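So the sequences go chain by chain: S and E.
For the first sequence, our numbering assigns the number 1 to the initial residue and increments by one for each residue that follows.
For the second sequence, our numbering assigns the number 1001 to the initial residue and increments by one for each residue that follows.
If you're looking for bench data, these hints aren't it; they were derived computationally from the structure.
Here are the simulated lysine-lysine pairs, DSSO-like style, with alpha carbons at most 30 Å apart:
| # | chain 1 | residue 1 | chain 2 | residue 2 |
| --- | --- | --- | --- | --- |
| 1 | S | Lys23 | E | Lys1126 |
| 2 | E | Lys1223 | E | Lys1264 |
| 3 | E | Lys1026 | E | Lys1223 |
| 4 | E | Lys1008 | E | Lys1026 |
| 5 | S | Lys23 | E | Lys1134 |
| 6 | S | Lys23 | E | Lys1110 |
Small disclaimer: the values here were computed from a predicted structure and weren't measured.
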Amino acid sequence: MKTSMSLMHAVWIAENDLRQSFKSVRHVVWSLLFPIFMMFTFSFRYGAAEPDIRFINFLIPGIVGMTAMFGSINETMSIVWDRSLGVFDRILAAPVSSASIIVGKTMSGAVMGVISALVLLLIGSMIFGVSFVNISLVLLIILLASFSFTGIGTIISGLAPEPREAMMLSNLLRFPMMFLGGVFFPVETMPMPLPYVARALPLTYATEALRASEVGNISTAFIDAMVLLVYTIGTMLLGSRILMRIMTR
Amino acid sequence: MENAIEVKELTRNYGGLLAVDHVSFKVNSGEIFGLLGPNGAGKTTTIRMICGMLRPTSGTAVVAGFDVSQKPQEVKRRIGLVPDVSNLFGELSARVNLEFMGKLYGLDKKTRRQRIDQVLELFHLKERQNDPVKYYSKGMHRRLTIAAALIHQPEILVMDEPTSGLDAQAARLVREIVIDVNKEGRTILLTTHQIDEADRLTPRVGIIDHGRLITLNTVEQIKSSAEGLRALEIRILNEVDQQRWIPIIGGAEGVDNVFLAEGKIRILSKDLSQIIPTVVNLVDKHGGKIENVSVAQPTLEDAYINLTGESIREEPKSREEYLQRRLARSGLR
Chain S
1 MKTSMSLMHA VWIAENDLRQ SFKSVRHVVW SLLFPIFMMF TFSFRYGAAE
51 PDIRFINFLI PGIVGMTAMF GSINETMSIV WDRSLGVFDR ILAAPVSSAS
101 IIVGKTMSGA VMGVISALVL LLIGSMIFGV SFVNISLVLL IILLASFSFT
151 GIGTIISGLA PEPREAMMLS NLLRFPMMFL GGVFFPVETM PMPLPYVARA
201 LPLTYATEAL RASEVGNIST AFIDAMVLLV YTIGTMLLGS RILMRIMTR
Chain E
1001 MENAIEVKEL TRNYGGLLAV DHVSFKVNSG EIFGLLGPNG AGKTTTIRMI
1051 CGMLRPTSGT AVVAGFDVSQ KPQEVKRRIG LVPDVSNLFG ELSARVNLEF
1101 MGKLYGLDKK TRRQRIDQVL ELFHLKERQN DPVKYYSKGM HRRLTIAAAL
1151 IHQPEILVMD EPTSGLDAQA ARLVREIVID VNKEGRTILL TTHQIDEADR
1201 LTPRVGIIDH GRLITLNTVE QIKSSAEGLR ALEIRILNEV DQQRWIPIIG
1251 GAEGVDNVFL AEGKIRILSK DLSQIIPTVV NLVDKHGGKI ENVSVAQPTL
1301 EDAYINLTGE SIREEPKSRE EYLQRRLARS GLR
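With these hints in hand, go ahead and build the complete structure from the sequences.
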């Protein structure tokens, strides 16, 4: 009974967060415009220069992974905004467990990551004709990637006391991850020691797994999915620990 | 009379800075009790601990028979909190905000709908119930914040600076709401830095400053502690900066305290007959002319100044106090 109530609290918190995010049309449009812009810019540049390689087939899975990262981290960082606006106090003052709050915030972050990534996947498929051999695997990878990015989002939200600091901290992580995570360039072509750095980033595994699902390379996708799972557990545990410390101080 | 809230030696330390220092008081069931003190005095930290949102460093708070440290969820179920800022979800409508709060407090769908209709009606928000809250006026925000705190019909309503930042009309409406809610039998604990608000709303107050409870009594008795003190009010003719006269008059013999109140210089003294000629001569000596003089009854503010030695201040007076306020506010904002 208690567990089901805690779960319902988490669902309501996630639902409320997502409702708040989707009510702001500008928020949704702006957050999707960036990856769409990147998709078109890079497709024109490389599409024209190397017409035989179908660079777009390399690019779209990367953009999808990157979008999941931006969507999840942005949504989870609402914790920082909620704290600065006092909205978080509203939930803290209610008879809701700290675990429900963390699970709720994590769920909304992951859902936002999945939705954003699916929009980009749809655009990529419809406009550039990119298709995936194993779509259920793609969905699983997107979900796992979104959860691992949400974990990073909770860590940032716990460490940064105010929105400005959180934005800087998140950019410090997101932008290097975007360029080193194999979104635009294959990790193998990077100069040393960058491939080692890339292998430490969850986005690298997300993009690699999505590309593997594109061509039906299930074994690679599976290994990457396992790495993402480890990332998810690790970042979630750390993020929850930090948030829990703040909430129960 | 049964205690709705009992606070014993409640203390909160922020990394070496004492925000709340061994504060003890009781709030009787069904009463309106006020914590009066300047910004940064430790009022918000105290109520955050009472509401189970902040762990005390030491001491206990028992709310509706439950120890906050041991049973925070039971306490939260019985308290409705109105914070000093109207912390609602701006993109969402009043109805959706209230719906969310109702869910968090475990109300079933039918009860939620009934209560939401009830509070929207009561707080005159029905017509705008579907508009995003971000388009509401400050007064509407405040009313909705109170409505959200009452959605689960708590035994105790805790209000942090309930009329802060409101215009006179909106503040009056909020005060009327506070009295009505109390008439329904709910206990109210409110904090304020406005002396006139404490005077109007709370029969009993605790004066808190620098984290310590200075006095705890009925407003009438606190006022009578200023007995023996007399208040003289003067205005200097054609003087834009009445404030500059404060140190001049403050230095005169027999003057216990002097401060600005509603544009007039208010002088507290035990012997008015002695200080009237002294003040007149002093003003004359410094090139001023007194526009009018009146003798006033001691107010709660006079008693406050008599007790604390200073008026309720808006600004921190030292770096330590500034840091203390910042830390206290950074709680989870």
